[in-house]
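Protein chains in written order, with numbering that gives the first Met the number 0: chain E, 0 to 378; chain H, 0 to 378; chain Z, 0 to 406; chain S, 0 to 406.
No wet-lab data here; the hints were simulated from the structure.
Note that the Cβ used here is the ideal one computed from N, Cα and C, for glycine as well.
Some hints could be false.
[What the hints assert, rightly or not] Here are some chain Z residues pointing at chain S (derived, C-beta under 10 angstroms):
#1 His284
#2 Asp285
#3 Leu387
[Stated by the list, open to error] Cross-link-like lysine to aspartate or glutamate pairs, in silico, DMTMM-like; alpha carbons within 25 angstroms at most:
#4 S:Lys330 to Z:Glu376
#5 Z:Lys330 to E:Asp339
#6 Z:Lys187 to Z:Glu248
#7 E:Lys256 to S:Glu346
#8 H:Lys256 to S:Asp139
#9 Z:Lys389 to E:Glu257
#10 Z:Lys330 to S:Asp337
#11 H:Lys256 to S:Glu367
#12 S:Lys389 to Z:Glu402
#13 H:Lys256 to Z:Glu376
#14 S:Lys330 to E:Glu277
#15 Z:Lys330 to H:Glu277
#16 S:Lys330 to H:Glu277
#17 Z:Lys389 to H:Glu277
#18 Z:Lys330 to H:Asp319
#19 E:Lys23 to Z:Glu212
#20 Z:Lys330 to E:Glu277
#21 S:Lys156 to S:Glu111
#22 S:Lys389 to Z:Glu395
#23 H:Lys23 to H:Asp319
[Unchecked claim] If you anchor each label on the Cβ, the simulated ranges turn out as follows:
#24 E:Glu35 to Z:Phe219: 31 to 39 angstroms
#25 Z:Gln311 to S:Gly205: 44 to 52 angstroms
#26 E:Asp126 to S:Gly205: 52 to 60 angstroms
#27 E:Val124 to H:Arg372: 23 to 31 angstroms
#28 H:Glu337 to S:Gly153: 36 to 44 angstroms
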Amino acid sequence: MNLELSDEQEFLREATAGALSRVKTVEEAREALEDEAALTDLWPVAAEAGWLGLLVSEENGGAGLSAYDAMLVAEEAGKVLAGAPLLGTLPASMLMDLGGDDRVAAVAAGETKAAWLPAAPPSSVEDQWTVDPIEGMDRPEAPQAEVKGDEVTFTGTVAWAPDAGEADLLVVVGLDGGSPVAGVVEASADGVTVESGWRYDATRKLGTITLAEATGRKLDVDEDEISRAWYLTQALIAAESVGTVATALETSVEYAKERYTFGRAIGSYQAIKHSLVEIMRRLDNARSLCVYAGYAFADSPAEIPYAAAAARSVAGGALDYAGRQQIQVHGGIGATWEHDAPLYFRRSQLNRRLVGGTSMATDRVAEELFQGRGPVAAV
Amino acid sequence: MNLELSDEQEFLREATAGALSRVKTVEEAREALEDEAALTDLWPVAAEAGWLGLLVSEENGGAGLSAYDAMLVAEEAGKVLAGAPLLGTLPASMLMDLGGDDRVAAVAAGETKAAWLPAAPPSSVEDQWTVDPIEGMDRPEAPQAEVKGDEVTFTGTVAWAPDAGEADLLVVVGLDGGSPVAGVVEASADGVTVESGWRYDATRKLGTITLAEATGRKLDVDEDEISRAWYLTQALIAAESVGTVATALETSVEYAKERYTFGRAIGSYQAIKHSLVEIMRRLDNARSLCVYAGYAFADSPAEIPYAAAAARSVAGGALDYAGRQQIQVHGGIGATWEHDAPLYFRRSQLNRRLVGGTSMATDRVAEELFQGRGPVAAV
Amino acid sequence: MDLNDTPEQAEYRAKIRAWLDEHKDEAPILQGEGAITDPDEVAREQRKWQAKLAEGGLAGATWPTEYGGQGVGPIESVIINQELQRAGVPNVFDVIGVGMLGPTIIAHGTEEQKDRYLGPMLNGDEVWCQMFSEPAAGSDLAAVQTRAVQQDDGSWKLNGQKVWTTNAQYATYGLMLARTNPEAHKHKGMTMFILPMDAEGVTIRGLRQISGEAEFNEVFLDDVVVDADSVVGGVDNGWGTGLTTLMFERLTIGLGSSSFGYRGRRFAEALGEDEVASRNSEVRHDFGELAAELEAVRWSGYRAISALQGGQIPGPEFGLAKITTVNCAIKAGDLVADVIGPEALAEESEWAYMISFLPGLKSAGGTEEILRNTIGERVLGLPPEPRLDKGVPFSELRAIEKEGAAA
Amino acid sequence: MDLNDTPEQAEYRAKIRAWLDEHKDEAPILQGEGAITDPDEVAREQRKWQAKLAEGGLAGATWPTEYGGQGVGPIESVIINQELQRAGVPNVFDVIGVGMLGPTIIAHGTEEQKDRYLGPMLNGDEVWCQMFSEPAAGSDLAAVQTRAVQQDDGSWKLNGQKVWTTNAQYATYGLMLARTNPEAHKHKGMTMFILPMDAEGVTIRGLRQISGEAEFNEVFLDDVVVDADSVVGGVDNGWGTGLTTLMFERLTIGLGSSSFGYRGRRFAEALGEDEVASRNSEVRHDFGELAAELEAVRWSGYRAISALQGGQIPGPEFGLAKITTVNCAIKAGDLVADVIGPEALAEESEWAYMISFLPGLKSAGGTEEILRNTIGERVLGLPPEPRLDKGVPFSELRAIEKEGAAA
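Next up, chain E with everything else stripped away, as it sits in the complex (with noise of 0.2 angstroms):
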């Protein structure tokens, strides 16, 4: 058994953290709550440092990696709070490359932008394919969608969808006849209209799709292929959490030590300590959880649901409760604008009610063991 980081996943993980050691990723996330054009466009550098052909094959000039080397890249931008193209750009790219759509070589060259509107599969409580609703509990089915040999035509509102904003090319999943179909629609075609915009955490570009009859070509992907995008998306958010949560433990121990009240310094203290400990172990949660998901899509696709949505579930619950607590040991101080803190607790804020959110990834956990589906017969 051998779950330790390859040396090539030991040098992509520095690489990464190099190219965005070279952007004041944190600074720029505050100063964007008051000036949006304070953020450095992170898409050439993820061009340059070969994030969007990640998992996209050799052949289509991609660099034909696994989901856990793309979940890599994901936890070290959460670690800076890097608002990275990468939970929108990684399954449309992947799907594109699935599905035979040519293009996706000018994607994973960074000169196309492309960009998957999430999908979520069915459930025993939820009985089609929905996407996320603009306001409220209720979830709209995906897309109607209607196939004409190469084409498909949409129509449909997404919501909240990563990366959309900016995208060129969208990845869309809609339903014909009740079944699940794929297609990639140019932004700029008919009937396509994107609203572009962020929420409380503004490295996060989210853009809400709206397709009235708009036409594009279909991807020959099939049901399982489209659903593996929505789990990709969960472990790619997992991965990103344990990113955050790792820094936000590690500046609240460094503060712990330092801090002193009362003649002790704060970390002394079990309220303190305990908490720290509760960080600690759901980090560490969520990073075991993480590396099942990685050998999921690596070796045993039947585990992906379960696997991917265990993952996101812990860690969002660990991202959630990291949130408050680095704000929390912080007193007072961690409180202000000046601080760190809030533009983690920001990003946990948004993290937990995107994609999804992280009760849907709970919730699949559930049905996949009610389904008696879940883990594959242990070593």
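Following the hints, put chains H, Z and S in place on chain E, whose structure we already have.
Same frame as chain E, now just chains H, Z and S:
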């Protein structure tokens, strides 16, 4: 504003404590786990102390006291884990008194035992009166009822009814064409099957009653009065839980002062200290809501469902928490058979699932607020 | 069990209500339609209204009559608060001055100080701020490092930094704790001063919170000189003077606020709007739990008032209401935003504001951890944490800390 | 990322698997149909099976070959555990002896002790128990009060009480920590002894848990005399010897157990049976959360094995898996019983048993609080709690505690 106990209430509380102090209730709670016969029959104690007629009007031979007075008795019983017949008998006597059943005088005097079979009022998510199921989450409708003149015939099963296993008279709620009616059926009547037993907490006798066309006398009570019986039981369980939590807190605090580890009393460690304060916080909140419930029963009937449900919800949460923390504070020894803490834990485990369970009370709080009811404009 | 007033209280309430009926139209509108929004204008209008309240005997009512108060008890002050709420008009602007600092000066000040400062404080002519906390002295207030050194002419020279100073930007004076004898143990050797906020060397800087709003200030003191007669309660006796302020702080917060307006009904409206949410068992459960606890806080408040009427002064356990309120409001914010989704986090959303505001509130006035310590020790009688700062001169303590942090 | 064995490991695994294929029918059946239930018979049969495992080299495989082991590494011991689980047969009966006490004797015992005790321990002829904990020495193990006084003839007289002693009723010997020098600081002045459990003055009493079952024992020592050569690791050096045992305890628990069998699937079956429950959003949420965490524990275990293979010995953070497991199982028990209702609490219900078992498990092997302290200090590097027992002779410490408790 005066929310202190009156002199009469102080006296009632002391007299209750006095009557209970003559029985070794906590020791018996342990012994009864292995030998039911170890339990002192508390019906005679209740009769002598006047608890059975507490809510019966003076003209019917009762004390004509308030729900809050009954809650004070329940609180004292809860302090010492006394399995006093209150949860089933008091709502039964109240309904019989309101409904003009002259046998209530004998009930008040302790000559006849009466118990009510709990039925929960409908809500926006549960569209009919229901009773606790024998097993599972699917709540059956209240027994079917057929009214003929002064008589009513019931068919159905009500599980886990406190005090009902020993009762001579059963106060039943049934549905006649969808509308609730109440009636009094003799336990010895044709078609009545009584199964008596206990689960986990040997002090609490529970009856599962099956009615197969069992006929009894109809009570002249309306829907509001019938629902009041349900909320009275909720309030009594809340008050009883408050008593139980108070003892758990007291003994835990005492132990935390005496027990030393690593050269310090364990109560000086934040983990222990903060958790004891958490018991206190929950206890204090539960007490406040018991005051509210008492006030609602006396002066603001529209608030009864909300206030009683809120009291049970918070008191139930307090009991859950305290039941576990008492063991935890006592370390390994707290999890041994000879210790009292497990007896309080057993009580907490059962109470949590009795008469709708804590969770149904919590749901009711939400229901009342979602329906625009809840608190009447504050002072 | 009686939620009603005694006859005397009813009479007092009637008097207050009559005054408010007559004058409430003069109050500034701070919420809803036609509300003033500019912070400076709000402050100005609220101060005018405070003067009006003082005139009617509704400001500082518990102050002795010789200083402009009514000499009434805390229950009457509760009645005033309730009637102000009922009438939908604001309370005094300078809650900190009138509720906490004024009473401190009444208890410890010289006659000259009382004559000079109390009147303008009461009618809002001069706003006050409380300058106790420092970057390194939050929950552990006795760790203040701001130095006050007496000059040859008897005046004091102040250097240091204060933080979390509400209203500093409006204040004419601050009541400030500074260290006058670093060689004494940390609880000794502090002195309380009255600081003119326009003195040379005083710099005020807004301290922005998560939401971006500056709810507090930092105040920097750079060779600020104050007269010898600005000492309140005696040199090196500042800790004792400060304890009086903190006692009044507890009373003011405990009896004045009503859960910061966090009530089940407000959240029920937001959640109930969503048909799916209002029927979802998880939403109902989470909401029911927090709403019940918030309701408990209201009734705990009534119980405290009732006990106060019986002569009991609320103890540190009063702080439990704040813990409950803040934590329930945090859960409520999360729940509402979970139901609404990312749109709840829009910059102009009331929920985003609440979600941003609460983490700071959690530590305001002492962290939850410190509060639980205090209640555990003072109410439950649990043994204290070992204190490593007992009996050590303040100057050495700092050295020890620095050494520890470097280790 | 590779869940597979290296070629060497695969070969080892094949060897173990082959042996088990041949011998697994000889194992006693402890669960399911035809299972033995009488505790004494269970113990007897498990001991026989242990002898068989030892014969096959599957017991104490990490012990040096000269003492009957195979001299293999911890990874091979993990492989053995996995294969035993896979074959559905029990592990050794005397996990404590083979996993913890034997290795302690190997590290600290005399040659005579090793020759005399290790063989019968390994094959289950002589069961051992660990006698460290006392009523007043639980998490704070160094607080043992059991006294050992040396007699003129060099033998030791023991008086005191031990508690939480697993297997005492089956044991031939106990490894026991006693205080030999009360005037020394608490961590000094203790000595480790080998105690024959049939010695005069030893009384064993079953200690019943919440469920009514006696999972542990108390052992009372009343003027028990042991020979001078029963000292392990030197007089007054008991703490050091004990630390070795604790280190092996961590390794045994960490690598041997697999979450006590608490797995999401088991609970899913119970919950999924109820159609309403399996569609209830609150049940799904609560269950999904705990199931995901339990799954994490499994993968944390794989990660630890992987790290072990890379040469890393698991540290105190390994204890996090226990915290997660116990707390998730507690939530699962509550959830299942909420769904089933009071019937889940029937005396013969597996859920009632689980609910009764878990609170004790929470404190077993050190409370969660102590574990969090240890991890906070040793892994995160947070500063320690102030220790009031540092540098104080044990005899005085007790006096101080008594004074404090009386105050």
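Checked hints:
no.	hint	result
1	His284	5 angstroms, holds
2	Asp285	8 angstroms, holds
3	Leu387	6 angstroms, holds
4	S:Lys330 to Z:Glu376	31 angstroms, violated
5	Z:Lys330 to E:Asp339	23 angstroms, holds
6	Z:Lys187 to Z:Glu248	21 angstroms, holds
7	E:Lys256 to S:Glu346	49 angstroms, violated
8	H:Lys256 to S:Asp139	16 angstroms, holds
9	Z:Lys389 to E:Glu257	20 angstroms, holds
10	Z:Lys330 to S:Asp337	23 angstroms, holds
11	H:Lys256 to S:Glu367	19 angstroms, holds
12	S:Lys389 to Z:Glu402	20 angstroms, holds
13	H:Lys256 to Z:Glu376	11 angstroms, holds
14	S:Lys330 to E:Glu277	17 angstroms, holds
15	Z:Lys330 to H:Glu277	17 angstroms, holds
16	S:Lys330 to H:Glu277	19 angstroms, holds
17	Z:Lys389 to H:Glu277	28 angstroms, violated
18	Z:Lys330 to H:Asp319	20 angstroms, holds
19	E:Lys23 to Z:Glu212	24 angstroms, holds
20	Z:Lys330 to E:Glu277	19 angstroms, holds
21	S:Lys156 to S:Glu111	22 angstroms, holds
22	S:Lys389 to Z:Glu395	22 angstroms, holds
23	H:Lys23 to H:Asp319	24 angstroms, holds
24	E:Glu35 to Z:Phe219: 31 to 39 angstroms	32 angstroms, holds
25	Z:Gln311 to S:Gly205: 44 to 52 angstroms	50 angstroms, holds
26	E:Asp126 to S:Gly205: 52 to 60 angstroms	55 angstroms, holds
27	E:Val124 to H:Arg372: 23 to 31 angstroms	29 angstroms, holds
28	H:Glu337 to S:Gly153: 36 to 44 angstroms	39 angstroms, holds
Consistency note: the structure conflicts with the earlier hints numbered 4, 7 and 17.
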